[in-house]
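Taken in sequence, the protein lines are chains W and E. The numbering of the first sequence is this note's numbering, which starts it at 1 and goes up by one. The numbering of the second sequence is this note's numbering, which starts it at 1 and goes up by one.
Honestly, the hints are just simulated from the structure, not real lab data. Check the hints yourself; a few may be wrong.
Derived DSBU-like pairs: lysine-lysine, alpha-carbon spacing no greater than 35 Å straight-line [as the list claims (entries may be wrong)]:
hint, chain 1, residue 1, chain 2, residue 2
1, W, K179, E, K134
2, W, K515, E, K27
3, W, K13, E, K27
4, E, K150, W, K13
5, E, K27, W, K147
6, W, K179, E, K27
7, E, K147, W, K222
Looking from chain E toward chain W, a few residues come up when the C-beta cut is under 8 Å (computed) [said to hold, decoys possible]:
hint, residue
8, S25
9, F33
10, P190
Listed next, with one range per pair, are the computed distances between beta-carbon atoms [stated by the list, open to error]:
hint, chain 1, residue 1, chain 2, residue 2, range
11, E, V35, W, Y143, 44 to 54 Å
12, E, T186, W, V302, 31 to 41 Å
13, W, R108, E, P228, 19 to 29 Å
14, E, I249, W, N441, 51 to 61 Å
15, W, I15, E, N90, 40 to 50 Å
16, W, G184, E, P228, 54 to 64 Å
17, E, T175, W, V302, 25 to 35 Å
18, E, L208, W, Y143, 52 to 62 Å
19, W, F315, E, K223, 44 to 54 Å
20, E, R94, W, R108, 27 to 37 Å
For glycine and all other residues, C-beta sits at the position ideal for the given N, C-alpha and C.
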Amino acid sequence: MAHEQHNYLNHQKGIWSWLTTLDHKRIGIMYFIAIMSFFFLGGVFALLVRAELFTPGKTLFSADVYNRMMTYHGAIMVFMVIVPGIPAIFGNFVLPIMIGAKDVAFPRLNLMSWYMLMIGAAITGSTLFLENVDTGWTFYTPYSSIKTGMGVIPMVLGVFIIGFSSILTGLNFIVTTHKLRAPGMTMNRIPLMVWALYSTAILQVLATPVLAITLLLLIAEKTLGVGIFDPQLGGDPVLFQHFFWFYSHPAVYIMILPAMGVISELVATYSRKIIFGYTAIAYSSLAIAGVSFLVWGHHMFVSGQSEFAGVLFSFITMLVGVPTAIKLFNWIATMYKGSIRLDAPMLFAIGFMFLFTIGGLTGVYLASTGMDVHFHDTYFVVAHFHYVMVGGTLMALMGALIYWFPKVTGKIYSDLLGRISWVFIFSGFNVTFFPQFILGNMGMPRRYYDYLPTFTELNQMSTFGSWLIGTGFLVGLFGVFHALMKGKEAGNNPFGGKTLEWTIPSPPPHENFDKTPVLTGGPYEYR
Amino acid sequence: MSTANHTGGFHHAHHFDSAEHQYESSKQGIWLFLVTEILMFGGLFVGYSIYHSLYPQVFHAGSKQLSVVLGAVNTVVLLFSSFTMALGINYVQRGLKNKAIIALAVTIACAAIFMVVKFFEYTHKFHVGTVPGKYAYTEELNASGEKVTKVGALLAEANKLSVAEREHKLHLDETEYEHLTLLERTKNWPLFFGFYFVMSGIHGLHVLAGAFLIFWVLLKVIKNQVGPEYYTPVEGVGLFWHVVDLIWIYLFPLLYLVG
């Protein structure tokens, strides 16, 4: 049976063999452990932020502490969890296997990326014990550059290093996809997960350097006072926003594209049907990546940019809806007349479609310049991007976890625990964030420590929902330990998947394939 | 990757089909990395062009302070170093070990010359007070209650002296004295030096990194770890070095000449 086999887990032994491993599968697991720890920390900050907002005025902490918690929640979740999440964990594990490769193109660089994430996280985390870091995850000037303390420098430096990690992972994936595909694996036969990771990698390589220089300029501003963002010295604080969103808007798609890749896999497998519109889904990933570079201005509708710029950015922003809708409709068309099994991963996939659709449609509101003036910097925006990023990425992350768990560990994740987790996360998510749409429409500003008594009930509902989400993820975590201890042996292909990773043993052998596979058809040939 | 170390019996890593396959992949990776370098400097170029169009007089007055001669010397030095780097790659590919060592050593020497010239440029800027942003100002206030710049303080001192004494005591020749006077009359001039120090500073760090990388491949040449069958690291470092030169070729006219 599986436990007597020679596989990547027992290929070498000891903690040192893990810390120096060049095996993409082991690096994927190291990413999983690291990123889930960050996720736990970011989640605790989220619960504390919501707890503070349970009543108007002071509930638990001072305003200063609240500002810091909000900053850490945002920075940890964005830079250390959602951006690296799916590509670093599941991309590392499945991408080479899915294209029939023995490893990623640059295994040492892959390990280095992991260490850079760790170093960056340590530097950023060290600011917890340093001077006040209360800028929010966006580090907007002039507050970050002139007003607040020097703790911003290590914070930003850590994010800069994490950015490096992201660039190197993206670079590695691009070359792997170009150069290491098995014979017969043409670009039009690679699984949609790989297409999604490939598009993400392009974004990582093209957008992250701009974040790098922006953060370096912020450091230069704080240490040398170069004046680029300081109006007193002739600079312009809004330039920071242009630079920042030129990265950070594409970064939103770095977060969501891999999730869409996961959903494509899940929908095909659990509908037992050939994916509808393979090329449309594949190329819409590239289209989203392309358009994402042209829309950053919608973050600045009220910054005093020209009306023409506002109209243009509004139009291009709405254009992103087209490739996104193409994906959604193709998933639904795939499910149509499929033999759908509502196992836990499929529930997460359907949850993704539900939440992401709400997030996407409210995005159209915010893309309209007139509406945005009303909703700008209110809880409506908070609800919108949580629906997109959390409802999108984290739903997909959970789905991916349960779907590939047997392949990674050789044990089956309890479907019951998966479903319980889904019920809590999905319902809790709506209870938390739906009231925030209403709060935002009523005019409650985001980031604020205090609010009017009128908003109390909706805020309490939202806080209650956050406990449900927390419970859901704890159940999910318990499921991991439960499966590791008591999970059933998985076998090669417990879910009837058609992509290459299901043709090899679980857990996979050290070099993935005993002999290089030769492809003769597409990835989802069900019927 | 771990076995990729012997020229004579070079083995490609296990996940590649052949040495050629590994070489092609590595080269693609290096090119992608260079794209990110260009994009990172791209942010600076964008910032530069925005402020240049907003305050042309600031950039004009600022660039007058830079020594075109020293900038030009550095440009020639870097161009020459690109040539010696290319020679070095060629010699490694042809197995001419000693010539390769000389070519790479000359390249490192050029990097050193570049940094020494930069050092003199920087220290002179510090001396006359043309420094970035807030550091350009002293704590003193002038009659109208505005903070005085260091250049202003230096000029006030210079105005009390004769021309000969300026040369002698303050190391200011007459042209420089005139340039500084022009600069002092321009509002917000420290912004230019913000760009100058950030752009040339980050470029300088890349020169240092490049020099270390060239030293690393030089050691590989000496230890016979690279040669006609395997020269990926030499070529990769060479490409990086050419990009560092290329960026300087844009920085030189932008900072020293366009003004």
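Here is how each hint holds up against the structure:
{"no.": "1", "hint": "W:K179 - E:K134", "verdict": "50 Å, violated"}
{"no.": "2", "hint": "W:K515 - E:K27", "verdict": "27 Å, holds"}
{"no.": "3", "hint": "W:K13 - E:K27", "verdict": "34 Å, holds"}
{"no.": "4", "hint": "E:K150 - W:K13", "verdict": "63 Å, violated"}
{"no.": "5", "hint": "E:K27 - W:K147", "verdict": "45 Å, violated"}
{"no.": "6", "hint": "W:K179 - E:K27", "verdict": "11 Å, holds"}
{"no.": "7", "hint": "E:K147 - W:K222", "verdict": "19 Å, holds"}
{"no.": "8", "hint": "S25", "verdict": "4 Å, holds"}
{"no.": "9", "hint": "F33", "verdict": "6 Å, holds"}
{"no.": "10", "hint": "P190", "verdict": "6 Å, holds"}
{"no.": "11", "hint": "E:V35 - W:Y143: 44 to 54 Å", "verdict": "33 Å, violated"}
{"no.": "12", "hint": "E:T186 - W:V302: 31 to 41 Å", "verdict": "33 Å, holds"}
{"no.": "13", "hint": "W:R108 - E:P228: 19 to 29 Å", "verdict": "24 Å, holds"}
{"no.": "14", "hint": "E:I249 - W:N441: 51 to 61 Å", "verdict": "54 Å, holds"}
{"no.": "15", "hint": "W:I15 - E:N90: 40 to 50 Å", "verdict": "46 Å, holds"}
{"no.": "16", "hint": "W:G184 - E:P228: 54 to 64 Å", "verdict": "34 Å, violated"}
{"no.": "17", "hint": "E:T175 - W:V302: 25 to 35 Å", "verdict": "49 Å, violated"}
{"no.": "18", "hint": "E:L208 - W:Y143: 52 to 62 Å", "verdict": "33 Å, violated"}
{"no.": "19", "hint": "W:F315 - E:K223: 44 to 54 Å", "verdict": "59 Å, violated"}
{"no.": "20", "hint": "E:R94 - W:R108: 27 to 37 Å", "verdict": "28 Å, holds"}
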